[in-house]
Amino acid sequence: MDVIVQQFFDLNVMRDNFGLIWDGFQQTLLLSLIAGGLSLVWGLVVALLRQLPGRAAAPIRWLTIAYIDSFRGIPLLLILLLVNGSLGALNGDPLPEWLAVPNWFGEPYQFWYGIFAITLTYGAYMAEVYRAGIEAIPSGQMEAARSLGMSHGQAMRQVVVPQAVRTVIPPLLNDFIALMKDTSLVSFIGFVEVVQAGQDVYQVTYNVSALTLGAIFFLICTIPLARVVDWLIARQQARYQRGGIDGPTPTETTSGPLGGTAGA
Amino acid sequence: MAAPGPVLELSGVHKHFGELEVLRGIDMKISKGDVVCVVGPSGSGKSTLLRCINMLEPPNQGQIILEGKEITGETSADALCDVRQRVGMVFQQFNLFPHKNALENVSVAPVTVLDRSKEEARQHATELLGRVGLSDKLGEYPERLSGGQQQRVAIARALAMDPHVMLFDEVTSALDPELVKEVLDVMRELADEGMTMIVVTHEMSFAREVADHLVFMDEGVIVEQGKPAQVLDNPKEERTRRFLGLVLEH
Ligand SMILES: Nc1ncnc2c1ncn2[C@@H]1O[C@H](COP(=O)(O)OP(=O)(O)O)[C@@H](O)[C@H]1O
Ligand SMILES: [Mg+2]
Numbered sequence: 044m045d046v047i048v049q050q051f052f053d054l055n056v057m058r059d060n061f062g063l064i065w066d067g068f069q070q071t072l073l074l075s076l077i078a079g080g081l082s083l084v085w086g087l088v089v090a091l092l093r094q095l096p097g098r099a100a101a102p103i104r105w106l107t108i109a110y111i112d113s114f115r116g117i118p119l120l121l122i123l124l125l126v127n128g129s130l131g132a133l134n135g136d137p138l139p140e141w142l143a144v145p146n147w148f149g150e151p152y153q154f155w156y157g158i159f160a161i162t163l164t165y166g167a168y169m170a171e172v173y174r175a176g177i178e179a180i181p182s183g184q185m186e187a188a189r190s191l192g193m194s195h196g197q198a199m200r201q202v203v204v205p206q207a208v209r210t211v212i213p214p215l216l217n218d219f220i221a222l223m224k225d226t227s228l229v230s231f232i233g234f235v236e237v238v239q240a241g242q243d244v245y246q247v248t249y250n251v252s253a254l255t256l257g258a259i260f261f262l263i264c265t266i267p268l269a270r271v272v273d274w275l276i277a278r279q280q281a282r283y284q285r286g287g288i289d290g291p292t293p294t295e296t297t298s299g300p301l302g303g304t305a306g307a
Numbered sequence: 206m207a208a209p210g211p212v213l214e215l216s217g218v219h220k221h222f223g224e225l226e227v228l229r230g231i232d233m234k235i236s237k238g239d240v241v242c243v244v245g246p247s248g249s250g251k252s253t254l255l256r257c258i259n260m261l262e263p264p265n266q267g268q269i270i271l272e273g274k275e276i277t278g279e280t281s282a283d284a285l286c287d288v289r290q291r292v293g294m295v296f297q298q299f300n301l302f303p304h305k306n307a308l309e310n311v312s313v314a315p316v317t318v319l320d321r322s323k324e325e326a327r328q329h330a331t332e333l334l335g336r337v338g339l340s341d342k343l344g345e346y347p348e349r350l351s352g353g354q355q356q357r358v359a360i361a362r363a364l365a366m367d368p369h370v371m372l373f374d375e376v377t378s379a380l381d382p383e384l385v386k387e388v389l390d391v392m393r394e395l396a397d398e399g400m401t402m403i404v405v406t407h408e409m410s411f412a413r414e415v416a417d418h419l420v421f422m423d424e425g426v427i428v429e430q431g432k433p434a435q436v437l438d439n440p441k442e443e444r445t446r447r448f449l450g451l452v453l454e455h
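Protein chains in written order, with the working numbering: chain X, 44 to 307; chain L, 206 to 455.
Please note: incorrect hints may appear among the correct ones.
As the list claims (entries may be wrong) - Here are the computed lysine to any residue pairs in the SDA-like style, where the Cα-Cα straight-line distance is at most 20 Å: (1) L:K305 with X:H195; (2) L:K323 with X:R200; (3) L:K305 with X:Q184; (4) X:K224 with X:W65; (5) L:K305 with X:A179; (6) L:K323 with X:Q197; (7) L:K305 with X:I180; (8) L:K305 with X:G183; (9) X:K224 with X:T265; (10) L:K305 with X:P181; (11) L:K323 with L:M366; (12) L:K323 with X:P205; (13) L:K305 with X:V204; (14) L:K305 with L:H329; (15) L:K305 with X:E186; (16) L:K305 with X:S182; (17) L:K323 with X:S194; (18) L:K305 with X:S194; (19) L:K386 with L:R413; (20) L:K441 with L:G431; (21) L:K441 with L:V428; (22) L:K234 with L:Q435; (23) L:K386 with L:S351; (24) X:K224 with X:I266; (25) L:K274 with L:E262; (26) X:K224 with X:D243; (27) L:K305 with X:R282; (28) X:K224 with X:L63.
Keep in mind the hints are simulated off the structure, nothing from the lab.
I would like the entire structure built from these sequences, with the hints used as guidance.
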């Protein structure tokens, strides 16, 4: 029993390597927040493009559908390896170095490749969440807005999106939790975030306690987030049952790419 | 005074959804200040007719002329928005914006579409909400308003665009009986002030009292039309008689 506790919870290992793991987790947080923010915006852009009306916009709609289906169907790790393998090779011709091998704000190019790959993948997921939210708004809302002379864009901006956003916050947060965990994949292209930091310690100490410490850092963030999601959903459902404004939460539409990366 | 042409003129308007022919040749002429009531059984195409008039559903065939200018065949987004500014619509289900309070519901379109200043739009909205008897509900969200109050906000919202024609689609059908009157009173007042209105309704006493012209529709055509009293008391067509027999019993 002691041996097991010692293997996972060796306080000496944790204390001696706390700085390393904490530094790694700060990188994890940075990756999560930047990629999460960009995915939120990019996903909304894609969802709005997908909802453009009229025959003229059909090619755009098809392109966005193709994009969403593709990036939801490919493991994030594979996207990451594609980005990593190709961008460096395009350095100088046709891409300028600052773009092909970015070194912005003191973060190495692996960091930015990670941001890029995660945003592409999670943007596709979040676009689907937004779409479910937009489609859950009764068509009478769009009609009322159009009947007042608003353009499609004005009606989206003033009427549909503000209502949709409220209902999609819980599923978006769920996706964010999944995204946060998936930032560990960036270690595959040589970036040291918290998981890689823990693994580095393990390879020296043959003890996983540093990884346990990393897990604890994750849980400190993800458990409260999960509780917030549950609370928001419960609140919305109470409202909905009272005949309030928020429809049922489109939580079931996407489950995040957890399954896709489990074997990575 | 020069004799004005009709505000709205429909000729041979057809609309189908796939195989289903919903409007099969509608002709209508509406002069300024007229109140036209449209009655008919459920599914006869009344809502579709209104939705064609403000081009929410473009007709497949026929002509609609609004204030001397043909709007059918118009496809540019700007022109359609312009048409819809001049044709206000009120829906059976209110369709208020649930995330905006009464004042915002009424002022949002003037600000976004007409580029009015927020202040000007709010002032106008306050006035309009006063006109429909809701001065004390400016900050209230739709969720907290009764059906009758919501529908009056919806009327004020449509009026905020200074429309030249108002379309009402069974606006009291979703209301509890005791709330019907407050909405009909607002509509009666509007009619008295000279608003041109097309009112789809099952309220026969309102039609008799307020309408200049009554239209009975069935299966996508106008079966019979004329002065309300004449159509209601002496219907010529068997179909009209059967329909009126059913509604007037209640
Ligand atoms: N967007 C639509 N797509 C397909 N069918 C429709 C659509 N709108 C209306 N209809 C059909 O057209 C018919 C007439 O509908 P409607 O104009 O709503 O009648 P009313 O308002 O007189 O009850 C109905 O059979 C209805 O199902
Ligand atoms: Mg109808």
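Open item on the list: Checking each numbered hint in turn, tell me which of them this model violates, lowest number first.
Closed with: none
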